[in-house]
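Just so it is clear: in the sequence shown, position 86 is 86 by UniProt numbering, and no numbers are missing.
Certain hints may be false.
Across the chosen pairs, the derived CB separations fall in these ranges [said to hold, decoys possible]:
1) 355 x 305: 46 to 54 Å
2) 250 x 226: 37 to 45 Å
3) 226 x 199: 23 to 31 Å
4) 353 x 291: 35 to 43 Å
5) 250 x 422: 23 to 31 Å
6) 321 x 229: 18 to 26 Å
7) 355 x 309: 46 to 54 Å
8) 194 x 398: 41 to 49 Å
If you are wondering where the hints come from, they were derived from the structure by calculation, not from laboratory data.
No residue lacks a Cβ here, since even glycine has one placed at the ideal position from N, Cα and C.
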Amino acid sequence: MRILRRPAPATKWRSPPPLTPRPHIVLISSSRGRRRPDCPRAHSTLAQKQHSPDDADDAAQRSDDDAGHNDQTTRRPLPHLPFRFETGIGVFAKRPPRPFPPPFLSRPSASFSDPLSTHRAVVDGEAIRGLTNGDDAIYASDYFICANDGVGAWATRPRGHAGYESPLPSHLPDELWARLILHFWSAAIDEDLIRAATAKPARADPVDAEPHPVAALSAAYKKTLEATEAHDWQGTTTACGAQLHYATPSSGDGGSSAPTPLLYVTNLGDCQVMVVRPRDRSVVFKTTEQWHWFDCPRQLGTNSPDTPETNAVVDRVALQVGDVVLAMSDGVIDNLWTHEIVDIVAASIEGWEKTASPSRRGGRDGGMRQAAQDLVAAARNIALDPYAQSPFMEHAIEEGLASEGGKMDDISVVAALCVENSQEPETP
């Protein structure tokens, strides 16, 4: 993924000492059904360490809470809405995660032998919401899911590390920006929900209390600029989120007065929100990728002219109970076509319903986690296959670029099932 503009050259900058990676042996198994044996080509062994499927599943098991679902245990409780999400996540990183730079760096939670994913990064004294997956950042809660993709091309820019003389790698800010935007965005949405619920006098018209996700994203963007200004941490990120709300029919409609689920989808860049109706294997809605040019998406951050107010696209989508909302990084949609995503989600849910075990967590007794992990596994198989046909390959060929096989990238999925909220109301 490319940076929109080249940052200005740094002054008095000294590159960090070189890092010598340890060698890793990578075993890649062939995928079925999409290979092209008539078009063989020589390809080099992947130099980066890749996570095994078991590693990815374990990471998702450990990180469901970190992705945001239980964040509210230490924050003000949110108001009770008629509908909520049951969520699960799936992740695969093209490289191991790293801690954030100061002042966002925190120490290992138990010992220096702990994986870096257990580090609790903080901003303004508060643990940063969500989960980092390579350059991606994802978040899952009862009313909001999000997938941001930090622009990895900042790894090649010396100012991407702002000239900070540290042994830390220079390409941290892309994932830092993705995570901070996500953190402040979800916090602003929660604040809006609480403010609307505690407004006095109470609003009589539900339209007056409808969500304003672009305003929340704009506030998040400004706070991220402020948080990174002191150390001049530079970077950019895409932003894609879905907020679950509801609509109440007016009294003059003559029909039922029961509320119906309504989804507010906000997109800036090339991640995607897709709404799938599993029972008839159909796509209710999906966002459209936003590019300046091929492989250069719209993005928020350093030197980018894009802003939430002028470039973010908002859609209101009528949902039904049982619909599945997916927030996915481009590592998914660059390797899987839409019909494959729908088939995988539907088959995963059908298979899970036949073998459901109440002892597993992750939304609908683990069904949403299973759907997310199945999508990640399918996308990973294509990404690792140099002979596979992929959407990214087709787009590149349309642009006149030579391309073959899948696209190696971070792969992140949040799967959210729309259900009626039977929980008891909480007083904010």
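Hint by hint, here is what the structure shows:
| no. | hint | in the structure |
| --- | --- | --- |
| 1 | 355 x 305: 46 to 54 Å | holds, 50 Å |
| 2 | 250 x 226: 37 to 45 Å | holds, 41 Å |
| 3 | 226 x 199: 23 to 31 Å | holds, 27 Å |
| 4 | 353 x 291: 35 to 43 Å | holds, 38 Å |
| 5 | 250 x 422: 23 to 31 Å | holds, 26 Å |
| 6 | 321 x 229: 18 to 26 Å | violated, 44 Å |
| 7 | 355 x 309: 46 to 54 Å | holds, 47 Å |
| 8 | 194 x 398: 41 to 49 Å | holds, 46 Å |
Taken one by one, the earlier hints fail for this structure only at number 6.
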